[in-house]
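Peer 1: Take a look at the letters that make up each chain.
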Amino acid sequence: MSYTTTEIWLIIAILAVGTFLIRFSFLGLIGDRPMPPLVLRLLRFTPVAVLPGMVAPLVLWPAATGGQPDPVRLIAAVATLAIGLWSRNVLWGIIGGAFVLYAGLGITALL
Amino acid sequence: MTTSTAKVATRRAYFDGIRDGLPFVFVVIPFSTLFGVVATDAGLTLAQAMGFTVLVIAGAAQFAALQMMMEDAAFALVLLAALAVNLRMAMYSASLVPYLGAAPMWQRALVAYLNFDQTYLTSVTRYEARPEMSVRERVQYFLGVATPITPFWYVMTLVGIYAGTAIPDAWALDFILPITFLAMVAPMLKSPAHIAAAAVSIIVALLLIGLPSGTGLLIAAFAAMITGAAVETWLENRA
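Chains A and B are the protein sequences, given in the same order.
Here the numbering used here is used: the first residue of the first sequence is 86, the next is one more, and so on.
Here the numbering used here is used: the first residue of the second sequence is 5, the next is one more, and so on.
To be clear, the hints were calculated from the coordinates, so they are not data collected in a lab.
C-beta atoms are modelled at their ideal positions from N, C-alpha and C, and glycine is treated no differently.
Hints are supplied without guarantee of correctness; some may be wrong.
To be verified - In silico contact screen, one side only, chain B against chain A (beta carbon under 8 Å); selected entries:
(1) V31
(2) G47
(3) L81
(4) L83
(5) A85
(6) L91
(7) A94
(8) Y131
(9) D178
(10) F179
(11) P182
(12) A209
(13) L210
Please put together the full structure from these sequences, using the hints given.
Peer 2: Okay, here's the thing in structure tokens:
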């Protein structure tokens, strides 16, 4: 890394302000003015529209294995999804997924 | 409702938020520690690493910035990459408007600072399930979710800075985050419209993987939102 101390602090400061402004944007500016029904309908799908696309590459091409698909991580991902669908509970999904991940890594280490 | 029962309900919402935020502590611990480790490894000072964690408070973007800095990318590119990763939060911000828009400005600013994946997703799921919540209760619930998560986010980066490379790769801390996101998204797949939106999100994001970080995801999310709304409208009209 070859940045000066000032440059690093500038990066941190700009990212801090920029990230806050992104988060504040609509919530800060629109306030309680009514939004059109179509926009509201679109916005209700925000979580389910963002998360799957964010996770898919992380699951298929994990950085930790140099971008190579990893069977253990794939199985852990499928298990998490299955447990989450079945239990409808975030915590069980995390616990189950982590359990499968570490069980899988443990077994591969032994083989 | 009398003032005192409203007060009780508001306090209750805050404690409910704490309870629902607690599980994410287990996710934040490895993720934040990892940032401290990687940042120190890359050559950031303690103050700089902590500056990222406390001021930017956005894990994925912090890692993106760090990655670009380790590659000695141009100043503007570091900023662009990290901010692009955070653009999804503009969508979060918009989607909170119907629920929190009426709250006082300072509360909206506070929520904005604490608006990251876990707080946003947990809160919005609750708001949807309980439309009768007052704006006050919603704000308290959001702050409740952030209460157990945020201190651990700060402190564990510090631990990571000191622990340094003592944490072995074999712990696979990298994969705790994808597991959390999957665990969060599974319960949300409650209608054909939601499933269709998720499918489009995955397909478009994978197709656009070559685009600069964050931009592909943004396009994928837009396409998925339109798909979800369209499928829902179509199913309603058919019924």
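Peer 1: Was the hint right that B/V31 lines chain A, CB cutoff 8 Å?
Peer 2: Because about 7 Å separates B/V31 from the closest Cβ in chain A, which is inside the 8 Å limit, the hint holds.
Peer 1: Against chain A, with CB atoms and a cut of 8 Å, does the hint on B/A94 hold up?
Peer 2: Where the cut-off is 8 Å and the nearest Cβ of chain A is about 5 Å from B/A94, the hint holds.
Peer 1: Quick check on B/L83 please, does its C-beta sit within 8 Å of some C-beta on chain A?
Peer 2: holds, 6 Å
Peer 1: Any CB of chain A closer than 8 Å to the CB of B/A209?
Peer 2: At about 3 Å, which falls below the 8 Å cut-off, the nearest Cβ of chain A leaves the hint on B/A209 intact, so it holds.
Peer 1: Mind checking the CB of B/G47 against every CB in chain A and telling me if the closest is under 8 Å?
Peer 2: holds, 5 Å
Peer 1: Take the shortest C-beta to C-beta distance between B/L81 and chain A; is it under 8 Å?
Peer 2: violated, 11 Å
Peer 1: Given B/A85 as an interface hint, is the shortest Cβ-Cβ distance to chain A below 8 Å?
Peer 2: Nearest chain A Cβ about 10 Å off; hint violated.
Peer 1: Can we keep the B/Y131 interface hint, with Cβ of chain A closer than 8 Å?
Peer 2: violated, 10 Å
Peer 1: Is the shortest C-beta separation between B/L210 and chain A less than 8 Å?
Peer 2: holds, 6 Å
Peer 1: Tell me if the interface restraint on B/F179 is satisfied: Cβ within less than 8 Å of some Cβ in chain A.
Peer 2: At about 5 Å, which falls below the 8 Å cut-off, the nearest Cβ of chain A leaves the hint on B/F179 intact, so it holds.
Peer 1: Tell me if the interface restraint on B/D178 is satisfied: Cβ within less than 8 Å of some Cβ in chain A.
Peer 2: holds, 4 Å
Peer 1: Under 8 Å is the threshold here; is the Cβ of B/P182 close enough to any Cβ of chain A for the hint to stand?
Peer 2: Holds, because the Cβ-Cβ distance from B/P182 to chain A comes to roughly 4 Å (cut-off 8 Å).
Figure legend: structure checked against the earlier numbered hints; hints not met, in rising order: 3, 5 and 8.
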